[in-house]
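**Q** Letter by letter, the chains look like this.
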Amino acid sequence: MATATVPSVERENYLNKHYGVESWLLTTDHKRIALLYLISITFFFFIGGFFALLIRLELLTPASDLVQADTYNKLFTMHGQVMVFFFLIPSIPAVLGNFLIPLMIGAKDLAFPRVNLLSWYLYIIGGIMMVHCMLTGGVDTGWTFYTPFSTAFSNTKVIEAGLAIFVAGFSSILTGLNFVVTIHRMRAPGLTWSRLPLFVWAHYATSIIQILGTPVVAITLVLVVAERSLHLGIFDPKLGGDPLLFQHLFWFYSHPAVYIMILPSMGVVTEIIACFSRKRIFGYSFVALSSIAIAVFGFLVWAHHMFVAGISVYAALIFSLLSYSVAVPSAVKVFNWTATLYKGSIRYDAPMLYAFGFLGLFTMGGLTGLFLAALGVDVHVTDTYFVIAHFHYIMVGGALMGYLGGMHFWWPKISGKLYPEGWARLAALIVFIGFNLTFFPQFILGYLGMPRRYADYSHMPEFQILNVFSTAGSTVLGVGYLLPMIYFLWSMRYGKPAPDNPWNAAGLEWKTPSPPTTYNFEEEPVVTWEAYNYDEIDKGHKEEVHVVG
Amino acid sequence: MFDNFPLWPQRASSMAGNVDALFIFLLIVSGLMTLLIFTAIIYFAARYRYRKGVPAEQIEGSIPLELSWSLIPLGVFMVIFAWGAVVYFKGRTPPRDSTEVYVVAKQWMWKLEHAEGQREINELHVPVGRDVKLIMTSQDVIHSFFVPAFRMKQDVLPGRYTVAWFHATKPGTYHLFCAEYCGTQHSGMIGSIVVMEPAQYEAWMSGGTGGPLSATGEKIFAELGCVTCHRSDTQGRGPNLQGVFGKPVQLEDGRMLTADENYVRESILDPGAKVVKGFKPVMPTFQGLVSEEQLNALVAYVKSQSQPGAGVAKANAAVTAPEGAPGKGNQVQ
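Chains as they are written, first to last, in numbering that gives the first Met the number 0: chain A, 0 to 548; chain B, 0 to 332.
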């Protein structure tokens with residue numbers, strides 16, 4: 000890391016300008032709201048992670064001896080609901096997107112700062128409802144709420160969980176709306192669409208999905224609540240409903256939701272790869288447009304979750320075909336990132352290690368998606384551990400690697416402090432190894448036929464050894480996730496003060512002080528350079544921030 | 000414990016080889032892609048690592064490269080798609096003249112009923128080398144009939160029939176799992192498929208039965224009074240059911256459909272939904288009056304009325320059924 004002059008007296012910045020609980024709870028500063036989100040999603044990440052650890056411990060032995068079957072069912076249900084709706088979906092957009100989009104486009108804040116605060120409050124209300132639901136008995140439907148089990152048979156807190164997610168969904172919609180308007184209307188002079196950081200493109204695509212998809216799952220959950228409480232016949236065949244209708248509605252959102260989790264992560268990784276190989280991204284416009292293509296095609300593939308659910312053969316053919324169409328833009332991104340490394344000047348700082356980890360895990364997650372989209376193979380592997388492994392490679396391997404990479408990359412900007420580089424590299428390595436040890440055996444388990452959501456496999460002792468590997472891996476993974484939390488907290492007090500641009504990176508956010516002031520820029524910046532102009536930066540003639548007026 | 004560490008599932012049905020072949024092809028394709036990408040990343044990362052005084056060389060991009068790494072994968076994907084579709088189509092199309100087994104799933108057990116009348120719970124005996132068609136429904140929530148050794152899985156839904164089939168190729172005992180989460184004892188909803196040599200199977204079959212399922216159905220058909228309207232001539236208030244099953248039916252509203260298991264089922268439970276052309280919606284519903292097992296028996300009986308030698312000639316059937324209409328009826332829409 001380059002060491003620049005750091006003033007001995009702390010400058011005024013967004014963290015120290017105001018003090019007191021009120022100054023945080025009533026803030027409209029996008030950076031403070033990002034930190035509120037950071038604290039809240041970290042809380043939910045550790046709840047979800049705790050459930051995951053209990054699940055893995057239960058599966059260490061075939062019999063359901065650690066917890067009863069109904070407890071186990073609640074654990075995997077709430078692990079899924081917490082991780083998907085209260086961690087992964089808000090993770091990168093609500094923390095890094097919130098913090099960085101105004102900085103990256105040279106704006107003082109998001110377009111609707113109060114709406115931004117409102118969306119955090121909605122998230123918190125939803126979160127409190129979810130915690131209340133867990134504390135008063137929990138829910139056992141699986142995160143997928145399949146009917147008629149959820150509407151007529153489960154005797155757990157389905158309505159509470161459904162409404163918690165319903166409320167949190169509005170937080171997601173408002174964040175997306177805020178981003179779209181901000182990106183359209185508040186870019187600095189000269190910052191054309193083709194000069195935008197690809198992180199911003201990725202968030203633009205994500206926001207489209209949040210705005211168009213989330214209302215559908217909200218409606219679906221309301222219908223579940225209506226059928227459960229008022230016995231309206233919508234999904235339950237006994238009341239004249241159709242259980243497959245639920246699956247269509249649910250996956251219409253929940254498949255694109257995977258792209259809400261992975262697209263921002265792709266954006267983060269793009270920034271990191273450009274910076275640490277000191278290069279403009281290879282095929283900028285293809286990487287930008289592939290984000291939009293993923294967002295659009297992502298809406299057309301939902302029924303690939305339903306190939307054995309009882310849909311017609313012809314519907315299955317169409318959805319299989321369309322599923323391959325969404326694989327192409329993902330492949331395009333991977334190839335472009337790889338090509339960006341070519342003839343670069345590559346450093347292996349912790350963010351880059353996470354980006355490499357992302358490339359490895361996302362590639363494997365994406366390729367195993369080809370197996371699941373192949374109709375004949377899907378029949379065998381759907382609803383087994385093969386699916387579990389596949390989507391964890393995408394949503395944990397991919398999305399979470401990107402999130403951690405981004406947290407390291409921008410931590411000096413967010414906190415004004417440097418994290419300990421050695422520990423960070425070690426943590427990246429531990430996460431990568433722990434992740435593969437946990438989830439790779441599950442591909443084999445799935446092909447062997449172990450169904451998901453089984454509390455007890457005492458009649459199938461042949462599945463135990465692979466489960467032992469997986470549980471062992473999960474403890475390694477757990478350590479890997481704990482480490483960054485510890486040293487990030489440590490660095491806030493003991494870390495070295497960060498220079499404004501520790502990575503010598505391109506991008507407007509690095510032209511602000513670390514940490515930035517409340518309104519980000521003293522004067523409105525004018526952009527006269529292309530994105531990722533690392534050649535100019537490295538030649539030494541750093542471009543100046545031109546000042547209007 | 001270590002002598003029990005399989006890495007590949009048993010292969011015991013005619014579909015298993017087809018699925019495995021595609022799976023292996025996918026392993027090779029994705030293995031090669033992984034190798035290509037990882038080799039490139041590791042090579043570039045090592046070869047172009049930071050060196051003092053050696054700046055990065057800026058490259059804008061390349062349209063030919065972008066096109067080739069979009070179109071070549073797309074071509075490979077289309078091969079995978081087509082292959083997967085062929086395997087799926089085969090797995091979803093039960094051959095004609097399959098032996099039929101009715102499956103009723105409930106929390107948390109499998110009830111299996113052979114067309115010949117044998118009933119089993121959580122265990123299904125089948126002969127090796129014969130096509131077996133499963134006609135499945137659920138009494139409560141969604142379940143899924145999954146036999147890994149057969150590479151076969153089909154969700155089982157309440158309120159309708161779904162169909163699956165297999166052709167066992169190797170005698171033995173294989174796992175039967177419920178693969179769709181169905182509540183507290185989901186992981187206890189397991190059983191086994193016992194594949195037997197034909198001779199053994201015949202011996203097992205002869206071990207006591209209440210007669211074929213269709214005979215049970217005939218009894219119920221008489222008891223419920225169905226026979227008073229569905230007469231075996233053209234004088235009944237309802238359609239003559241002989242020769243109807245598996246044939247196209249024209250409805251009062253002009254639609255055409257094929258008389259499959261789901262249609263017979265629906266006509267018993269919700270008779271007004273799809274009335275045959277030329278008849279009045281006078282039939283009362285039997286919803287709540289017949290159990291899933293009785294329904295299966297009735298369906299088996301109606302089916303038996305369309306098998307060769309099932310009594311009166313098909314020409315007598317009072318159902319308006321033009322010749323040559325499409326007749327594929329085993330797919331649940």
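Fair warning: there could be bad hints in the mix.
Said to hold, decoys possible - Calculated pairs, DSSO-like style, for lysine-lysine (alpha carbon to alpha carbon, straight line, at most 30 angstroms): (1) A:237 x B:218; (2) B:273 x A:237; (3) B:279 x A:237; (4) A:16 x A:416; (5) B:218 x B:105; (6) A:510 x B:218; (7) B:51 x A:495; (8) B:218 x B:169; (9) A:416 x A:510; (10) A:237 x B:169; (11) B:246 x B:273; (12) B:51 x A:237; (13) B:89 x B:110; (14) B:110 x B:51; (15) B:246 x A:237; (16) B:169 x B:89; (17) A:416 x B:51; (18) B:276 x B:246; (19) A:107 x A:510; (20) A:342 x B:51; (21) A:237 x B:276; (22) B:89 x A:538; (23) A:237 x A:416; (24) B:89 x B:246; (25) A:510 x A:495.
Bear in mind the hints are in silico, worked out from the structure with no lab data behind them.
**Q** All hints, please: hold or fail.
**A** Now for the hints, and whether the structure bears them out:
no.	hint	in the structure
1	A:237 x B:218	holds, 27 angstroms
2	B:273 x A:237	holds, 18 angstroms
3	B:279 x A:237	holds, 25 angstroms
4	A:16 x A:416	holds, 17 angstroms
5	B:218 x B:105	holds, 25 angstroms
6	A:510 x B:218	violated, 86 angstroms
7	B:51 x A:495	holds, 25 angstroms
8	B:218 x B:169	violated, 37 angstroms
9	A:416 x A:510	holds, 16 angstroms
10	A:237 x B:169	violated, 40 angstroms
11	B:246 x B:273	holds, 15 angstroms
12	B:51 x A:237	violated, 73 angstroms
13	B:89 x B:110	holds, 26 angstroms
14	B:110 x B:51	violated, 73 angstroms
15	B:246 x A:237	holds, 28 angstroms
16	B:169 x B:89	holds, 20 angstroms
17	A:416 x B:51	holds, 27 angstroms
18	B:276 x B:246	holds, 14 angstroms
19	A:107 x A:510	holds, 13 angstroms
20	A:342 x B:51	holds, 14 angstroms
21	A:237 x B:276	holds, 27 angstroms
22	B:89 x A:538	violated, 63 angstroms
23	A:237 x A:416	violated, 61 angstroms
24	B:89 x B:246	holds, 22 angstroms
25	A:510 x A:495	holds, 19 angstroms
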